[in-house]
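Going line by line, the protein sequences match chains A and B. Each residue of the first sequence is one higher than the one before, starting from 1 at the first, in this note's numbering. Each residue of the second sequence is one higher than the one before, starting from 1 at the first, in this note's numbering.
Hints are computed from structural coordinates only; laboratory data are not their basis. A couple of the hints might just be wrong.
To be verified - Residues from chain B that face chain A, not an exhaustive set, calculated with beta carbons under 10 Å:
#1 Ser-89
#2 Tyr-256
#3 Ala-388
#4 Gly-393
#5 Ile-408
#6 Ala-437
#7 Trp-438
#8 Leu-625
#9 Gly-633
#10 Ile-637
#11 Arg-646
#12 Trp-649
#13 Leu-653
For clarity, every value in this text was computed on a predicted model and none was experimentally measured. Note that CB positions come from ideal geometry on N, CA and C, so glycine has one too.
These are the residues of each chain, in order.
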Amino acid sequence: MTRKQRRGVLIGTCLAVLGVAVGLVLYAMRDSIVFFYTPSEVTSMQIAPGQRFRLGGLVETGSVVRGEGTTIRFAVTDKSKTLPVTYTGVLPDLFREGQGVVAEGTLSADGVFHADNVLAKHDENYMPPEVAKKLKEQGVWRGDAKASAAEPQAKVN
Amino acid sequence: MARRCQGERRGAASQGELEEHESREMIAETGHYALILALGVAIVQMVLPLVGARIRDQQLMAVAGPAAQLQFLLIAIAFIALMTAHITSDFSVENVWRNSAVAKPLLYKISGVWGNHEGSMVLWVLILALFGAAVAIFGTNLPYQLKANVLAVQASIAAAFLLFIVTTSNPFVRLDPAPFDGQGLNPVLQDPALAFHPPFLYTGYVGFSMAFSFAIAALIDGRIDAAWARWVRPWTLAAWMCLTLGIAMGSWWAYYELGWGGFWFWDPVENASFMPWLAGTALLHSAVVMEKRDALKVWTILLAIITFSLSLMGTFLVRSGVLTSVHAFAIDPARGIFILAIMGVFIGGALALFAWRAPLLAQGGLFAPISREGTLVLNNLLLTTACAAVFVGTLYPLALEALTGDKISVGAPFFNLTFAPLIVPLIVAVPFGPLLAWKRGDLLAAAQRLMAAACLALAAIVLVLAFRQRGPWLAPLGIGLGIWLIAGAVTELVYRVKLFDTSWSEAWRRLRSLPRSAYGTALAHAGLGIVVIGIVATTAWRSEAILAMKPGQTASIAGYTLTFKGVAPRQGPNYRERVALLEVTRNGEEVTELTPSKREFTLEKSGTTEAGIHPNWRGDLYAVLGDQLKDGGAYSIRLYFNPLVRLIWLGALVMFIGGAVSLSDRRLRVGAPRRAQTKATPVPAAE
């Protein structure tokens with residue numbers, strides 16, 4: 001094989017692999033990306049039943065109802081709109097009323113969000129960043145005051 | 001700048017308490033002072049040797065070695081001071097107050113040092129300085145100029161991060177008055193596996209800085225040869241080993257601590273550590289080509305730069321707060337911007353230097369597509385492409401949000417769909433690599449030698465197909481791939497010792513005289529096979545059940561029968577927990593008792609879920625206790641059976657051991673190699 005041919009094989013293989021990779025990425029992007037919405041956005045836009053998305057907001061106080069078996073009903077609110085959610089399974093440790101939550105699942109035709117995954121992460125002060133930002137935009141964010149109020153004054157040497 | 005503030009002592013503190021307080025204060029202040037001194041030393045170590053190498057001044061270049069050792073010593077003093085403050089619960093140090101508490105067990109007081117942003121950055125530079133000092137001490141036969149340049153580049157990274165620590169993330173900030181008790185450490189971090197996960201991960205990340213520094217030094221020198229690869233390889237291998245183990249530990253921790261029964265979530269933070277691993281694995285293999293065949297030089301340099309850049313990006317992603325997760329300690333945007341700036345300078349600078357100087361480097365030898373080099377190029381191609389796919393999936397949401405404001409999440413389906421198809425061809429090709437000759441290989445001969453391995457893999461596929469009741473049809477093929485890797489690794493050893501061609505004693509003699517690196521390769525490849533089998537089996541055949549159970553009720557999963565006996569409270573050292581008791585039987589015989597629990601950490605006002613796990617050669621029986629339900633004393637309980645899941649971490653351990661065996665090879669010993677066309681006899685300058 002000549003030098004030229006060898007180089008050709010190398011470049012050809014590289015291009016082929018890259019082409020396949022780009023194709024895979026584009027294909028996967030179409031199907032496996034999940035958008036994040038707040039209850040207000042969900043009510044204002046038409047979301048096809050069965051389309052997966054993430055719903056973020058606060059668990060409405062007093063809305064958690066443990067029903068038959070392990071199915072749980074609660075409502076997610078962004079303080080302007082509220083969406084009912086059902087979930088079957090074990091809720092994460094830090095799932096609390098009034099705390100931030102992100103649920104992933106689909107909307108059914110009757111307007112109930114069926115979550116198959118609920119995230120409420122590792123810290124009682126944790127607010128999913130998406131939720132915090134949306135709440136800030138809507139002017140109902142109170143989280144920052146809490147963080148700085150309770151601490152003794154730090155002193156730099 | 002370092003204004004010393006004496007805290008006001010008040011109340012009727014006895015003389016002894018006062019003295020104790022003074023000595024503690026000394027410790028924290030000494031640490032702070034040492035850290036600032038280390039920054040000064042790093043700047044000296046960065047500037048003088050670089051200038052010395054330029055003007056060929058031996059004395060200036062000679063500064064590098066002692067400076068590197070001094071810098072390590074100073075950072076070690078700072079680190080020990082911080083650790084002392086944590087162990088003695090000196091709450092006058094803000095970092096201790098925020099992340100520790102009197103009641104916290106000792107192990108977590110120690111691991112709490114790096115369980116927070118500031119402390120973990122000190123650990124980062126400590127490891128960086130350790131590598132620099134190691135080059136200074138062991139690199140005695142490195143060419144003078146190369147050594148000076150390497151240590152200067154290493155020092156520039158250290159200087160940037162020390163400046164970052166001192167200005168934005170100072171762990172020695174003091175509080176006055178000192179609080180009586182701290183705020184405690186995030187409960188999910190109070191775990192033995194996680195105590196050691198960051199040091200290993202950082203050793204991996206930071207270890208790649210050696211390859212980076214050598215690459216930059218080579219670019220500055222404008223000279224690179226096979227000996228360069230021999231110097232770089234041990235460092236890269238050591239970093240790769242630690243990163244492998246660090247990632248495995250993180251995955252193991254997530255498996256039993258987060259209570260989801262999964263081992264990998266394609267979380268951005270996980271990806272941040274996985275990308276350097278992929279690039280580092282590629283670097284390891286391309287360095288072999290460079291060392292043995294003097295080819296792929298420019299590519300290897302670029303790969304070294306990319307690998308460390310990905311490590312820096314991992315640090316940025318995790319430390320900047322761009323990603324909110326358990327790892328994101330930082331909330332201060334100044335920190336994120338600072339790390340972003342460091343990243344920009346080093347990555348941008350390195351790539352610019354590469355673009356400028358790389359064309360000067362001599363091109364290496366040629367080889368046929370079907371050859372050992374050819375397979376290693378294929379390895380590099382597929383690994384870097386897979387790495388790029390992970391990169392796109394990890395950063396696309398960030399980029400999209402920055403550009404359009406749309407918030408999306410890219411989850412496991414994306415990565416499974418893009419990563420797996422790129423990695424499977426690589427796995428198929430792995431056993432061929434070591435069986436092909438350098439320069440020009442015989443694919444047919446290699447295929448014949450691999451016949452036994454292929455038959456074994458095929459038999460495994462048929463066997464699994466016959467016995468499986470459910471699960472995707474691809475799963476048996478996955479198991480076959482794992483067997484193929486393991487059998488391929490064995491095949492290579494068999495042919496190298498000529499097991500069936502010579503007498504047993506001759507084969508035994510050959511087996512003993514085989515270089516350790518051959519064993520290392522075989523072990524690492526077999527380890528990968530074990531990981532593949534574990535991943536495929538767990539993903540395809542895991543059983544899951546979510547149940548509402550009342551005391552006395554039973555449930556069955558994967559042949560086990562579990563009887564729920566009830567829930568009892570228990571007091572731990574710094575938490576309260578509710579422990580469920582589940583009796584497990586199998587075919588009427590008692591197997592074990594599972595005690596999943598929910599812990600409530602009073603001080604931290606936060607809880608953790610402790611899974612009850614029964615490990616077994618068939619797989620893990622895994623139980624998680626949920627909330628109490630409204631209807632009469634029932635609890636929600638989640639049960640999993642994860643077949644062969646332990647193989648994932650066992651395989652990673654085998655890969656680590658493979659790396660260690662290879663590292664112990666004489667020829668790879670740090671500092672052993674000498675430059676090929678050495679200028680051993682310094683000819684007087686007669687040009």
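Item to check | Hints that the structure is at odds with (numbers, increasing) | outcome: Violated: hints 1, 2, 6, 7, 9, 11, 12, 13.
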